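Chains as they are written, first to last, in the working numbering: chain V, 1 to 168; chain W, 1 to 163.
Everything labelled a hint here was simulated from the structure, so no lab data went into it.
Straight-line distance between alpha carbons at most 25 angstroms, and here's what the computed DSS-like set of lysine-lysine pairs gives:
| no. | chain 1 | residue 1 | chain 2 | residue 2 |
| --- | --- | --- | --- | --- |
| 1 | V | Lys130 | W | Lys79 |
| 2 | V | Lys88 | V | Lys45 |
| 3 | V | Lys45 | V | Lys84 |
| 4 | W | Lys79 | V | Lys145 |
| 5 | V | Lys145 | W | Lys119 |
| 6 | V | Lys66 | V | Lys145 |
| 7 | V | Lys88 | V | Lys145 |
Which residues of chain V face chain W? A few of them, derived with a C-beta cut under 7 angstroms, are:
| no. | residue |
| --- | --- |
| 8 | Pro135 |
| 9 | Tyr153 |
| 10 | His154 |
| 11 | Ile156 |
| 12 | Pro159 |
Taking CB as the label site, the calculated pair distances span:
| no. | chain 1 | residue 1 | chain 2 | residue 2 | range |
| --- | --- | --- | --- | --- | --- |
| 13 | W | Lys160 | V | Asp146 | 53 to 63 angstroms |
| 14 | W | Gly133 | V | Glu67 | 42 to 52 angstroms |
| 15 | V | Glu67 | W | Lys151 | 52 to 62 angstroms |
| 16 | V | Trp110 | W | Cys38 | 21 to 31 angstroms |
| 17 | V | Leu133 | W | Met44 | 24 to 34 angstroms |
| 18 | W | Cys38 | V | Cys57 | 24 to 34 angstroms |
| 19 | W | Gln66 | V | Lys130 | 30 to 40 angstroms |
| 20 | V | Ala51 | W | Ala92 | 58 to 68 angstroms |
For clarity, every value in this text was computed on a predicted model and none was experimentally measured. Even glycine gets a Cβ: it sits at the ideal position worked out from N, Cα and C.
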Amino acid sequence: MTRADIYTRLADQFGDSIVEFNDESLQRYIRIEPSGWYAVATFLKEAPDLAFDSLMCIAGVDRGPKEDQMEVVYALFSMTHRHKITIKISGPRADFHVPSVESVWRLADWHERETYDMFGIVFDGHRRLKRLLLPEDWEGFPLRKDYQVQDYYHGIRVPKIKPKKLTP
Amino acid sequence: MGLLEHKFNDNIIVGQVDNLLNWARSNSPWYFQFGLACCAIEMMSTAAARYDFDRFGAMPRSSPRQADVMIVAGTVTMKMGLRVRRLWEQMADPKYVISMGSCATSGGPYWQHGYHVLKGVDLVVPVDVYVPGCPPRPEALLEGLMKLQEKIKKEKTFAKLEE
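Extracted from the complex, chain W is given alone in its bound form (with noise of 0.2 angstroms):
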């Protein structure tokens, strides 16, 4: 803080309200556990301490209701698409989803033959970053995060859209 050390008076900083709110927003990520396969070990071991999801400030939560990100991990059925899409509504805006791995994203290996599973999860919700591996490595899906984070970042609340 040398730089700024003692040229605030009375602890006053100017500058932009949507910068704030990005600046949160993007460094405390809370993502919402949705683990369906296999993609969900690998979000274990993100989270675990050799990867260390929390040093961006993602922390678990078992709500819909706490989260801002929703971290879709696995195959997703025909059955379960619909699930994802309800807890999808219930989570507060701003939200945000990631598609994890080729399952997620495409249906994977179930391309062809799997009657059952939904052909990617952007049929049902919007998804912002897709990670792709099957299933992805702990650096990628931290990738997929930080290009999320740049994401949040861009964003602007208040300020005028540029047409």
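So here's chain V without its partners, still in its complex pose (with noise of 0.2 angstroms):
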């Protein structure tokens, strides 16, 4: 199936939570609400003409205070098919809640966990969402745009990243 198949037959069975498809972009993505997610990922997963049996990767994504967006990207590929599409699902950058699909693919369990821990994006029905790299006592969310780094971590000091001069 090509992308716009693939979109078209999404847009067919979930008509209000699509909202987005874009066949120009280098990688070529359809955009879901994100209410409707949990109900997409198990369509996707177990319709036995898309069969997206493998999610090879979750990426977050901060757009920055000015647009005041937060993203997450889901890459999928289906190893019966040999299909691809990307999934992006968007929303405030303040209290971005996702629904998880852990229980739907095993690998989107430590990539949620991760995507939690650097962006603070919370994967709502995780079984476990703790941070996966950083202590668990750790502030702040390290890939954020606005991120501060601590002053002291258990009494060591943590440097300040000093930002570079930009010449003109």
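Build the complex: two chains, separate frames, hints provided.
Below you can see the structure in the form of structure tokens.
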């Protein structure tokens, strides 16, 4: 199936949840409403003509305070049919909740935990959503654009990141 | 042993206890395996047949309770820093620390942007010898161990410290 076919198939099934289809960018994607994501994910995996049995990656994107948007990007692949699609879900930067697909694809478990660890995006329905890489008592989410490094960690000084002076 | 042969009655040797202790300690620096990053590969290479750490009496130990020297080989993150401290506390005295490579010494390539990297293992444990390099070659680590041996040989356990 081409990506356009996948989009038509999804749009027929879940009309309201599918927001946008971009067939021009390098990574062609379908944008989905956060509320409908779990149903769409289950359908993508279980429909025999789609059969997206492999979740390749989950990535978080912080678009910055100007746009006030946060994104989660899912890269899906079907081993059976050899086709790919990228799913994007976006929401506000403050308090962004996305349904967890950890029960659909097992790989999502650690990837969602990592995305939470770095961006603070909360995945509702995840069984144990806690930090994956950083220590559990770390303050803040490092890959957010407005991240401020804490001064001390258990009495050890955390050095500040000095911004580089840009030459005009 | 030609010079010393048949010179002592009943195998009695007169000398300083400090010298005996230092001789024993400096020639059996059992090190705690502490491979954290790519420096660990060089440490393994040092321990293997070609460079042969064992000729200095250095034996790898997997438990801090059996080790004399902790070779911190690699990047120490903030999360690991607390563990490094705890493991160092579990080692029996006398204990020594070799900071191997630029990451363990100063943060190395993570100096500017690594918010999660400890900028030098000397922030959590006292370091005896710093071995520079990224990663240091096995010869450099051997040199570091020899420097540590020199340091141990100058130690005074029983003698009065000179004011």
